[in-house]
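**Q** Residue strings, one per chain:
Number of protein chains: 10
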Amino acid sequence: MLFHVRMDVKLPPDMPPERADALKKEEKALAQRLQEQGQWRHLWRIAGQYANVSIFDVAGNEELHALLLSLPLYPYMQIEVMPLCRHPSSVRANDL
Amino acid sequence: MLFHVRMDVKLPPDMPPERADALKKEEKALAQRLQEQGQWRHLWRIAGQYANVSIFDVAGNEELHALLLSLPLYPYMQIEVMPLCRHPSSVRANDL
Amino acid sequence: MLFHVRMDVKLPPDMPPERADALKKEEKALAQRLQEQGQWRHLWRIAGQYANVSIFDVAGNEELHALLLSLPLYPYMQIEVMPLCRHPSSVRANDL
Amino acid sequence: MLFHVRMDVKLPPDMPPERADALKKEEKALAQRLQEQGQWRHLWRIAGQYANVSIFDVAGNEELHALLLSLPLYPYMQIEVMPLCRHPSSVRANDL
Amino acid sequence: MLFHVRMDVKLPPDMPPERADALKKEEKALAQRLQEQGQWRHLWRIAGQYANVSIFDVAGNEELHALLLSLPLYPYMQIEVMPLCRHPSSVRANDL
Amino acid sequence: MLFHVRMDVKLPPDMPPERADALKKEEKALAQRLQEQGQWRHLWRIAGQYANVSIFDVAGNEELHALLLSLPLYPYMQIEVMPLCRHPSSVRANDL
Amino acid sequence: MLFHVRMDVKLPPDMPPERADALKKEEKALAQRLQEQGQWRHLWRIAGQYANVSIFDVAGNEELHALLLSLPLYPYMQIEVMPLCRHPSSVRANDL
Amino acid sequence: MLFHVRMDVKLPPDMPPERADALKKEEKALAQRLQEQGQWRHLWRIAGQYANVSIFDVAGNEELHALLLSLPLYPYMQIEVMPLCRHPSSVRANDL
Amino acid sequence: MLFHVRMDVKLPPDMPPERADALKKEEKALAQRLQEQGQWRHLWRIAGQYANVSIFDVAGNEELHALLLSLPLYPYMQIEVMPLCRHPSSVRANDL
Amino acid sequence: MLFHVRMDVKLPPDMPPERADALKKEEKALAQRLQEQGQWRHLWRIAGQYANVSIFDVAGNEELHALLLSLPLYPYMQIEVMPLCRHPSSVRANDL
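Chains as they are written, first to last, in UniProt numbering: chain V, 1 to 96; chain A, 1 to 96; chain B, 1 to 96; chain R, 1 to 96; chain Y, 1 to 96; chain G, 1 to 96; chain F, 1 to 96; chain S, 1 to 96; chain L, 1 to 96; chain C, 1 to 96.
In short, the hints are calculated from the structure, not lab data. Be careful, since some hints might not be right.
[Stated by the list, open to error] Now the in silico label distances, taken between C-beta atoms and shown as ranges:
no.: 1; chain 1: F; residue 1: A20; chain 2: B; residue 2: Y74; range: 29 to 39 angstroms
no.: 2; chain 1: C; residue 1: L69; chain 2: A; residue 2: K25; range: 28 to 38 angstroms
no.: 3; chain 1: Y; residue 1: L69; chain 2: B; residue 2: Q32; range: 44 to 54 angstroms
no.: 4; chain 1: C; residue 1: N94; chain 2: F; residue 2: S70; range: 31 to 41 angstroms
no.: 5; chain 1: L; residue 1: S70; chain 2: S; residue 2: A20; range: 25 to 35 angstroms
no.: 6; chain 1: F; residue 1: S70; chain 2: C; residue 2: M15; range: 30 to 40 angstroms
no.: 7; chain 1: A; residue 1: R33; chain 2: L; residue 2: A59; range: 46 to 56 angstroms
Here a beta-carbon is modelled for each residue, glycine too, at the ideal position from N, C-alpha and C.
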């Protein structure tokens, strides 16, 4: 089941750079593991923003929430979720 | 070059059903041709909305605008465009 | 899987009353059938609004979209969808 | 009498973790007691958000306000209240 | 139980003046009857707007909704409802 | 002359509790004095919010501003003002 | 007593030009009479908008509402009102 | 050339009172000098707000920006600018 | 003096195509004449929108308003105006 | 390929002035280098705002993002990006 997720990251201006770097490194490692496992199907940067657009492929709402909650940057993100469906005009076998 | 596009369709309530059906049929045919040609890379329905989220892969802003303008439902759509970039944490070879 | 759905109904001011009445009657019949089948778990009126708050229990995004699309008043509704999860503090066995 | 309440929690980034944990534990205990007593009828997590959607069943506005005010996380929540009514199409004996 | 209600009236520009006058006259008659019965406790015009701020005193959400629904101008109004409580600093015996 | 005023209070999270208590106590004393003098005609709590809806009866804009400015919590409030008029359908002798 | 009023005019696209011209002519005549009488103290066009910013000098809310209501274009205007006070830094004898 | 400017002032809650007082004193002195020179044509307080509405009379955009930038409270203000024109219905010789 | 103007065009859905074409042709002719005369310095289409971003170079607010008002599509446009200044970091001799 | 970018700068109120000055100086140097190289085609200050409107001429989304990310003030800016196209009515050879 696919979900469209937009994440905007806002680190507190007084977070020590080492702390920020450590968080980003952990975030990247987890994001890549979740991509390899197939749950995080797409991940794009929005030009000019510290924000991404992602497509998640999960069993349902519970799994989606658990994945998002597990992200190291979760406490510093504003997140918007939209459930997706197959589009009747789609020709992509995978996009469901 | 990738662009994230959201299209919300709003047909006038007094449009004759045959006209609406004809427009939707033409829209579907073009959407499928553009997907097969690779310019319309992804197309999803947003659950509960007469709206879609799409990813376009085009040479640039001009081509994107020309494609959107050519859609039969264009006069009845509200469109939002966001330019996308490869995300530094992406592992998908294609998502650029 | 649960979804929170808010529906605001806006009938065109020039719709003939018989047409409006027929649509509302069909809507009611379907809403009751879906409640009895268990997919439309809760349905409340928002005080002072021609709008409702509903909880749907469906297999996923596709089923939710299909149900909403099948509502006779769908073309006249503005719909907002939020995927829900079990709350860690909930004591209700059913609320998942 | 039913009320729809959405609560978004925002803890100050510099709150000590022990303080946050203590508050959440007290919140959970009270939320469960209020559910068992019947005043907090439903409680769901919104996927991807540190937020919940709740249905309260109280004698009126005063009791609702007193309950919300008594929540340990109240000072850190943004709250939206909507009074609910029985929906004319509802078939649920309880949903009033 | 008190509720704060704001009503903004928007008559369709093509409504025949006699129809508008008849509706307003019926609205006024009902508004005055509800005031005399005590359910519509206060009614003020907002300067420069075709809108009012009202305080209703009713047994609960159901009665409030039924009253609003019974207003002749209801189909042409946008309505916002806020449940009110006695304020701890109030000295007015009636304002509860 | 009547004015509708909504005040939302937001104390800084790091204000010492004694300071907050002292401010609230002074606020209450002044609010009650102004009610007794008749300038603060109504004062209600909005359910679920640290906010009130008030009706002021003053000689004009200057007096209203001076009263609001004199409130001990003024620096921590977001305030919205709407000038009110007698409603042509009102039957309350006082509501002007 | 001064009030800041912004008026945005929106004539229905299908209003016959003669009707629009007649309304505008009556509006202009009244606006000029009210300026000469002193109640409409300032009147400016906002560049690029069919909108004005005005300063009214009236005895109070009732007079302001009555004046606005008497404008021939009133049914086609969206109006925002802000009560003004003398600014403590003002040196203009008149601006109160 | 006239410009409509709204300034909302928001001093940081932890600014020392002497610093705030000094800034306000300097602001007042400059505001009065600019009024006497004619560039700051009108200055009103918005009732209930730490905000003003002003009319500036300057040679153009550059002078307006330079004046606003020179205000001691500029770093703590949110500013909105609207270019004004003479209104075709105005009878005030000065209001251009 | 430079102004940044965004124009969003919205033709009524029932405007006859010949009328729309005639208006667009007149609009284009005037836009090109104003560009050649130098008052309309830049004109770009926003990708995916029936909207443009323009830079005008005029003597002041009055000339700007007169130009916009003279556009054949003016009655069907929503317009936003922002006065521009030379940026202290600009190296373009013309951009003032 | 052209992009319209609006940047609003918001420095934390407690940033030491030397730090702010150093950042602004570096920002200016880079902005001028990018203008001279042709990627930052236009740069204007918005009157009354610590904000600019810019036109970038880059190979695509990736280059735009990289340029914005390299700005010393990037962490303190809110940025909005709109892809631009040649307007069919433009007569400027360069504006594409």
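**Q** Compare the structure with each hint and give your call.
**A** Verification of the supplied hints:
1. The given range of 29 to 39 angstroms is respected by F/A20 and B/Y74, whose C-beta atoms sit roughly 38 angstroms from each other.
2. For C/L69 and A/K25, the Cβ-Cβ distance of about 44 angstroms falls outside the hinted range of 28 to 38 angstroms, so the restraint is violated.
3. For the pair Y/L69 and B/Q32, the beta carbons lie near 21 angstroms from each other, so the given range of 44 to 54 angstroms is not met.
4. For C/N94 paired with F/S70, a C-beta distance near 53 angstroms fails the hint of 31 to 41 angstroms.
5. With their beta carbons about 49 angstroms apart, L/S70 and S/A20 fall outside the hinted range of 25 to 35 angstroms.
6. Taking the beta carbon of each, F/S70 and C/M15 are about 54 angstroms apart, not inside 30 to 40 angstroms as hinted.
7. Between A/R33 and L/A59 the Cβ separation comes to about 51 angstroms, which falls inside the hinted range of 46 to 56 angstroms.
Consistency with the previously given hints fails for numbers 2, 3, 4, 5, 6, ordered from lowest to highest.
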